[in-house]
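Protein sequences appear in the order of chains A and B. The opening position of the first sequence corresponds to residue 6 in my numbering, with each subsequent residue numbered one higher. The opening position of the second sequence corresponds to residue 6 in my numbering, with each subsequent residue numbered one higher.
Be careful, since some hints might not be right.
Remember, identical chains collapse to one label, so a pair may be satisfied in a single copy or spanning two.
To be verified - Quick list of in silico lysine-lysine cross-link-like pairs, DSS-like style, CA-CA up to 27 Å: (1) Lys277 - Lys249; (2) Lys276 - Lys92; (3) Lys63 - Lys350; (4) Lys361 - Lys96; (5) Lys121 - Lys25; (6) Lys85 - Lys336; (7) Lys339 - Lys198; (8) Lys360 - Lys194.
In short, the hints are calculated from the structure, not lab data.
Number of protein chains: 2
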Amino acid sequence: MLIPKGFLFSGVSCGIKENKPDLGLIYSPRELTCWGVFTTNTVKAASVLLGKKFIRQKEIYGVIANSGVANACTGEEGVKKALTLIKEVSKRLSIPYKSLLPASTGVIGEQLPLEKILPKIDDLISGLSAQNYIHFAKAIMTTDTFPKVVFKKTEEDIVILGVAKGAGMIAPNMATMLAFILTDAQVSKDYLKRVLPKIVDHSFNRISVDGDTSTNDTVYMLCSNLKEVRNWEKFEATCLEVAKELAYLIVKDGEGASKVIKIVIKGAQTKKEAKLLANSVANSLLVKTAFYGEDPNWGRILSALGKTGIKFVPEEIEIYLNGVPWIANLKVLKNEEKIKEEMRKPEIELLIKLKKGKLSCEVLTTDLTEEYIRINAHYRT
Amino acid sequence: MLIPKGFLFSGVSCGIKENKPDLGLIYSPRELTCWGVFTTNTVKAASVLLGKKFIRQKEIYGVIANSGVANACTGEEGVKKALTLIKEVSKRLSIPYKSLLPASTGVIGEQLPLEKILPKIDDLISGLSAQNYIHFAKAIMTTDTFPKVVFKKTEEDIVILGVAKGAGMIAPNMATMLAFILTDAQVSKDYLKRVLPKIVDHSFNRISVDGDTSTNDTVYMLCSNLKEVRNWEKFEATCLEVAKELAYLIVKDGEGASKVIKIVIKGAQTKKEAKLLANSVANSLLVKTAFYGEDPNWGRILSALGKTGIKFVPEEIEIYLNGVPWIANLKVLKNEEKIKEEMRKPEIELLIKLKKGKLSCEVLTTDLTEEYIRINAHYRT
Numbered sequence: 006m007l008i009p010k011g012f013l014f015s016g017v018s019c020g021i022k023e024n025k026p027d028l029g030l031i032y033s034p035r036e037l038t039c040w041g042v043f044t045t046n047t048v049k050a051a052s053v054l055l056g057k058k059f060i061r062q063k064e065i066y067g068v069i070a071n072s073g074v075a076n077a078c079t080g081e082e083g084v085k086k087a088l089t090l091i092k093e094v095s096k097r098l099s100i101p102y103k104s105l106l107p108a109s110t111g112v113i114g115e116q117l118p119l120e121k122i123l124p125k126i127d128d129l130i131s132g133l134s135a136q137n138y139i140h141f142a143k144a145i146m147t148t149d150t151f152p153k154v155v156f157k158k159t160e161e162d163i164v165i166l167g168v169a170k171g172a173g174m175i176a177p178n179m180a181t182m183l184a185f186i187l188t189d190a191q192v193s194k195d196y197l198k199r200v201l202p203k204i205v206d207h208s209f210n211r212i213s214v215d216g217d218t219s220t221n222d223t224v225y226m227l228c229s230n231l232k233e234v235r236n237w238e239k240f241e242a243t244c245l246e247v248a249k250e251l252a253y254l255i256v257k258d259g260e261g262a263s264k265v266i267k268i269v270i271k272g273a274q275t276k277k278e279a280k281l282l283a284n285s286v287a288n289s290l291l292v293k294t295a296f297y298g299e300d301p302n303w304g305r306i307l308s309a310l311g312k313t314g315i316k317f318v319p320e321e322i323e324i325y326l327n328g329v330p331w332i333a334n335l336k337v338l339k340n341e342e343k344i345k346e347e348m349r350k351p352e353i354e355l356l357i358k359l360k361k362g363k364l365s366c367e368v369l370t371t372d373l374t375e376e377y378i379r380i381n382a383h384y385r386t
Numbered sequence: 006m007l008i009p010k011g012f013l014f015s016g017v018s019c020g021i022k023e024n025k026p027d028l029g030l031i032y033s034p035r036e037l038t039c040w041g042v043f044t045t046n047t048v049k050a051a052s053v054l055l056g057k058k059f060i061r062q063k064e065i066y067g068v069i070a071n072s073g074v075a076n077a078c079t080g081e082e083g084v085k086k087a088l089t090l091i092k093e094v095s096k097r098l099s100i101p102y103k104s105l106l107p108a109s110t111g112v113i114g115e116q117l118p119l120e121k122i123l124p125k126i127d128d129l130i131s132g133l134s135a136q137n138y139i140h141f142a143k144a145i146m147t148t149d150t151f152p153k154v155v156f157k158k159t160e161e162d163i164v165i166l167g168v169a170k171g172a173g174m175i176a177p178n179m180a181t182m183l184a185f186i187l188t189d190a191q192v193s194k195d196y197l198k199r200v201l202p203k204i205v206d207h208s209f210n211r212i213s214v215d216g217d218t219s220t221n222d223t224v225y226m227l228c229s230n231l232k233e234v235r236n237w238e239k240f241e242a243t244c245l246e247v248a249k250e251l252a253y254l255i256v257k258d259g260e261g262a263s264k265v266i267k268i269v270i271k272g273a274q275t276k277k278e279a280k281l282l283a284n285s286v287a288n289s290l291l292v293k294t295a296f297y298g299e300d301p302n303w304g305r306i307l308s309a310l311g312k313t314g315i316k317f318v319p320e321e322i323e324i325y326l327n328g329v330p331w332i333a334n335l336k337v338l339k340n341e342e343k344i345k346e347e348m349r350k351p352e353i354e355l356l357i358k359l360k361k362g363k364l365s366c367e368v369l370t371t372d373l374t375e376e377y378i379r380i381n382a383h384y385r386t
């Protein structure tokens, strides 16, 4: 297995959730270089408030993450509890206090049940091993139906490991998801500060399940500095690939989703315009339900483009489904049966061409199903 | 029954939809004063393109409306077909060509089937009667489960009749809905130009079912000028009441909805801020599914407020459900059972108080149910 050198992993069940792993640890005996990108929601979880501070420090040795409780909307008490957890784990690892980055995901408005968590710290630490990344990946799951792990190796033998959680509340701007990009490359903090936001913008910020953004979104990048990078371009591209594959897995596991749909806008006048149009289609409930129903109702796509208020000539729009020309000059080009056949596939590319300019944007989305409602109405996330 | 003097109504089935009324006429033998407010979607139906021109003319005698086909994304051919329909009806009413306002609602991307509609015009006209407003109301229904009609009379004996359709795609900014406000008051076009947008802004623009806006939204106000208005304030207020009640009925009939939820924001710094916050909560799928599941998951409400990016102190937010204090200082004030009991009611008021300023906003929304998905995935609207 491709595991970046210098990292150990662990995951245990504390009972925050019933009979499921809910506490995870990433630990490096050596100091790490790290950076983070966080939610833009005004309401920020304790882990986000603390993480934003911690990444500016010099000494970081890993991540302590929990699922089940988001520790958001928990006020000062929530911050205190998160600090207690960090302190207790740090103490037993003999590393300085506040040198572990926190991450939480789960129900908003509930406090961390420390009485359940603290007694499990010894087990958590004794479970540390390079092979146990899957235990960590499982410990951060909420409505996820599978753990999300991606490995890549560059030609220079640098390994990049991505671990993420996320299945719902995924929207432009990185809604409830946690992601950890780990590498044994030697990089500077300045490099991460510059590159990580770009990577996030082209991966996690281009996915949409339900248009909601969360209080806890966090992407951390951690580097153990054991391997020298020469080809920086290739390194950055590989990190982006890892992030994009994680983003894809999150959409694939979208709550109740039966299809992954890539919305591609081409020919927009500005980047911003391309993004707005792509997101409007990706987030439209009517488009998402039409895909679920495998109904080639292209008017809903036109309507979703138009509701942005962005000016375009409807007659100039061209639409392709999985490469099959579908709509041009407001007319259906192929017979509906061919398009319906394409709609039945689990992976769909919807390409929308404008004739305004040269800019483009891609966003991944899902269809919207009864199962989404069931999960979100009857399961407390 | 309270019917404004001077108006006749009719509705027939042409077969645009199967065995359901789908063509409606409002006619006044006298010239009307009228104005309209239309969708802001860049993609505009033929009826919207024409209606926007027609309201600027002097002579208007009524409305010709159809359901089943939206006549949107139909290009020049769509406009020609709409004009043919208007021309044929006008000819048989012996009124000038282009003196009927058009309105359409239904599937986008399909042409008006004139071969089915034109043979029914004689029946449509012979059915005209002051009592037949309900036939008109039925003829404009699509996924509506009941016709929407509201009557009011002022102390001066002025009658205002509102007829509307709408059950889905209802969002801030007046998504797929048609509304007709008819009165026997004597008003000037300038008065309507000034007052109708205000009325729309405080009624139809304050409702939300699924966040989608449409190509066909239209609100027409038509006045037969038979009664003199003295108390203008009262008149305007009564018109607004009619519009608000129609808006309420549209939400009540929201596709698959089991509850009507009034979101009230108080204490915002600006009007714009209050509106953004109210709409963010009203459109959040996670809030809407939580209400459906009768799950007092207040974290989703805080998260929906926060995702606007508007700054506030989470600790200062107060939340009330049907007047029952629920959240303050990030704590649940009453036990969850009391809140759950309130959530079970079909009519809910969710009051959110900020401590930033004095401005407020109200938006009506619904819960989101499996039935919404079923309707929109398997029924072509």
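Quick rundown of the hints versus the structure:
no.	hint	in the structure
1	Lys277 - Lys249	within (20 Å within a copy, 36 Å between copies)
2	Lys276 - Lys92	neither (44 Å within a copy, 45 Å between copies)
3	Lys63 - Lys350	neither (49 Å within a copy, 54 Å between copies)
4	Lys361 - Lys96	neither (59 Å within a copy, 42 Å between copies)
5	Lys121 - Lys25	within (13 Å within a copy, 62 Å between copies)
6	Lys85 - Lys336	between (61 Å within a copy, 16 Å between copies)
7	Lys339 - Lys198	neither (48 Å within a copy, 45 Å between copies)
8	Lys360 - Lys194	neither (42 Å within a copy, 39 Å between copies)
Hints 2, 3, 4, 7 and 8, counting from the list given before, are not met by this structure.
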